[in-house]
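With the sequences and hints as input, model every part of the structure.
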Amino acid sequence: MSSDVTASSDARCDESKCVSWLSGDLFRFSFTCYSDKFLHPMTCAHGYTPRIVDAEPIGLNLLVPYQYYTCCPPHLPPNNFIVSRHCSNSSSIFINDANKAEETGIIHNSTIICEDKKRPYPRKMANWGKMESFVCCDSIIEPTDNKTINFVDETECVPFSDENYLASTVGTSYGLIIPMSCNNKGIYSEFQFPKIVDQTVSPSFYHYECCKTGSKTLPFLQNATFKWTIYPQIAVSIISVISCMVLIIALLIPLGLYARKTYEESTNTNTSTSTNTNTRSCVNRSRPTNTNANASTDPPFSGYNLYLIYLAIPDMILNTYLLGIYSSYANQKYDHHFNGLIIHDRTFHPFEGAFVIACSTANLVRILFAEV
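Take the sequence shown: its letters are residues 24 to 395, numbered as in our numbering.
Hints listed in this document are in silico derivations from the structure and should not be mistaken for laboratory results. Don't take every hint at face value.
Think about it this way: if two alpha-carbon atoms lie no more than 16 Å apart in a straight line, the pair counts; the simulated EDC-like pairs of lysine to aspartate or glutamate are [what the hints assert, rightly or not]:
no., residue 1, residue 2
1, K218, D185
2, K208, D185
3, K147, D185
What follows is the structure, encoded as structure tokens:
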């Protein structure tokens, strides 16, 4: 995405501004000008406004209809201006470390060759990560002083939530929570206030926009599905933490008493050395027949107690973490940079999965060593 932008009053409709994410398997995960108005709404970059191209046929993808659109300046009259298609479907180039210099030069130096004679002019689209996209068009749109035309200043809301133009969707299904947040950067840094729009994706999901102005909005929709996802885990974690704590304390009591008894016996041995001869005969005459009468009342202790404690500690740590993170969801606390596996915000956070595996592996290793 270029940050060198300028506004213009003489701009034309431009299909290279399309940033719809419709069906990556159809368009090789590049941006496209097709929209199904369902999970992939019509979206344009740089403040352009989407307009349906009525002359293009309606297609089907997984029984969901999709239609071609273009991106036009917002000042064009919506009813008195007929839009038409001028560009091909998008193509993409994946830039890896081996061919980065060569393919970056192809994209930015306009050396792309369009084989369609009717559409010989390439236009670079917005990029996503290392995926560079372009379209071949029937005309050239001259840049203004080598700057990208934009209408961001005239735009109040945008239908995406970050610099990757991800469609803004909020909702909950069991075990999967999509939060509502705006993390736009660059020329879209002012669009930080989420606002739900009147377009239902499904009974549990909604589209929202990120606007320049607004009030603070809670990140999660707390419907019945949200509660069934969050609160059972909180209850299970509370029970697990309490059970582990009781088990650990109960197993530590015999250890403490055993250590105390050992210390007292060693102390008594040192202080009674000088009187050992005088007391030996008395002790022999008065010693009870059961020499373990006092020891029989002490709690039993063995090394197996420590083994059980070691097994309980990872479980207590894991459930303490789950209790904390799920309680934060219940209290509408959300961090875009750190969240759990049930939060789906198109950002990969491996910590929770690795933490669960680590705690489970710790128990497994102890069990294997015990068997050996």
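key: Restraint check for K208 with D185, where alpha carbons must lie at most 16 Å apart   = holds (7 Å)
ask   = Does K218 pair with D185 here, judged by a C-alpha cut-off of 16 Å?
value = Given pair K218, D185 holds - Cα atoms ~15 Å apart, limit 16 Å.
request  = Take the C-alpha atoms of K147 and D185, compute the straight-line distance between them, and say whether it is at most 16 Å.
outcome  = Not satisfied, since the Cα-Cα distance of roughly 20 Å exceeds 16 Å.
Violation of the numbered hints given earlier is confined to hint 3; every other hint is satisfied by the structure.
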